[in-house]
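Peer 1: If you read the sequence shown in the UniProt record's numbering, its first letter stands for residue 1, the second for the next number, and so on.
Treat the hints with care, since some could be wrong.
Unchecked claim - In silico lysine to any residue, SDA-like type, Cα no more than 20 Å apart, as pairs:
#1 Lys285 <-> Asn271
#2 Lys360 <-> Gln371
#3 Lys360 <-> Ile250
#4 Lys351 <-> Glu321
#5 Lys160 <-> Ile250
#6 Lys285 <-> Leu146
#7 Lys11 <-> Cys30
#8 Lys191 <-> Phe363
Read the hints as simulated data drawn from the structure, not as lab findings.
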Amino acid sequence: MEDKEDNQLCKLCNEKPRRYVCPKCNIEYCSLDCYKSTAHLDCSENFYKQCVEEMLKTQQCDPQMKQKTLDMLQRMHDNEQNDDDVLRHILDNEDEIEEFDEEVELDSDDDDIEPLGKRIENIDLDDTDQLWSALTASERQEFEALVKSGEAKKLLPLWKPWWTYTAEKKLIEDLSEKSECEKAYKNDCPKIVCVPALKSTSKASPFIRFNIINAVYAYAYTALYFNNEHHSTPLDAVYVFLRTCDTMRINRVYQESLSAIENVLLEITNNQELSGDQDTVLATKEAGDAILSGPEEDNRSFYLLAALSDLHQLMSGAKKEILADKSKSSIRKFKNKFQSNIDLGPTVVTKKSLALIVLKIEFYIAWLKLQSPTYDITDGKKM
Numbered sequence: 001m002e003d004k005e006d007n008q009l010c011k012l013c014n015e016k017p018r019r020y021v022c023p024k025c026n027i028e029y030c031s032l033d034c035y036k037s038t039a040h041l042d043c044s045e046n047f048y049k050q051c052v053e054e055m056l057k058t059q060q061c062d063p064q065m066k067q068k069t070l071d072m073l074q075r076m077h078d079n080e081q082n083d084d085d086v087l088r089h090i091l092d093n094e095d096e097i098e099e100f101d102e103e104v105e106l107d108s109d110d111d112d113i114e115p116l117g118k119r120i121e122n123i124d125l126d127d128t129d130q131l132w133s134a135l136t137a138s139e140r141q142e143f144e145a146l147v148k149s150g151e152a153k154k155l156l157p158l159w160k161p162w163w164t165y166t167a168e169k170k171l172i173e174d175l176s177e178k179s180e181c182e183k184a185y186k187n188d189c190p191k192i193v194c195v196p197a198l199k200s201t202s203k204a205s206p207f208i209r210f211n212i213i214n215a216v217y218a219y220a221y222t223a224l225y226f227n228n229e230h231h232s233t234p235l236d237a238v239y240v241f242l243r244t245c246d247t248m249r250i251n252r253v254y255q256e257s258l259s260a261i262e263n264v265l266l267e268i269t270n271n272q273e274l275s276g277d278q279d280t281v282l283a284t285k286e287a288g289d290a291i292l293s294g295p296e297e298d299n300r301s302f303y304l305l306a307a308l309s310d311l312h313q314l315m316s317g318a319k320k321e322i323l324a325d326k327s328k329s330s331i332r333k334f335k336n337k338f339q340s341n342i343d344l345g346p347t348v349v350t351k352k353s354l355a356l357i358v359l360k361i362e363f364y365i366a367w368l369k370l371q372s373p374t375y376d377i378t379d380g381k382k383m
């Protein structure tokens, strides 16, 4: 009887009843303190540090990628104190732990498999399903825990949006210097799409500029939400964009700029699938304001054209993803597990619906190109 009770105790402290199982070594323990104890230190090392270090050893990375990886490791080291909160969140949620145990069969042979760097040596690193298949059960479990806790986002490199550049006003300006600055910010922006020119704006709605504003603020949120990686998962990004952009999702027509902006911010705040905290809302508002203001007064509409052009490219990418998914829907293990679960109501994202959005974006671009470069879209006047 005493032996049976001993088997129910934590294997690290031998005092309290066991509650959890380590996905790495399968040892049974009772609490976060035991998980972090000296006896378990080797096993509680950060999974991502191991992955990245192994990848650096086994693969020839270009200098830029290597530097990004080293920067990521440094941020992880700096934020090490936050790991306690993440672990406590994971360990306190017994339902999630049990769900993981049921869903994933933990391999006791994980120590016998090849290092991760070796396993991913000959696969396409842009193919998330191949990468997911290369992970062991315990590695997948740890990744899911980081995603659910929100800590995975902290591993991403910081992105400085292209719309943050603003030319300084000078009383006396060197024309050659101005030309160099203009060339620099244009190179950093998305390439402007070439669309058929409009002969006149007579057929355009008088409210078109408000609908453009709604689309631009929704685009700004989408780009920030994906940390400028929206083209990596275009279909997911389109769902986020359409959830926040009523002028594209349900053809809503706005009659003033204030309501066009506020509707995007309200969607972000009220939708549970979106991270609508106060900082996110303020960042979206600032981003949209910067795009509307443009890089300089003489070229005020340039950022608007760049944003709409990037949206145009995003819709085209989503169309291609829909076609590709049809041919390999049975092997989309990673995307089926982590793809955005955004509710668009009666709106269905199809190749045809995306083609209609592309046409609307092209009309917006053509209409803007007919305006003066100094056009202020918020009041409809030239500056």
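Peer 1: Go through the numbered hints given earlier and state which of them the structure violates, listing their numbers in rising order.
Peer 2: 5 and 6
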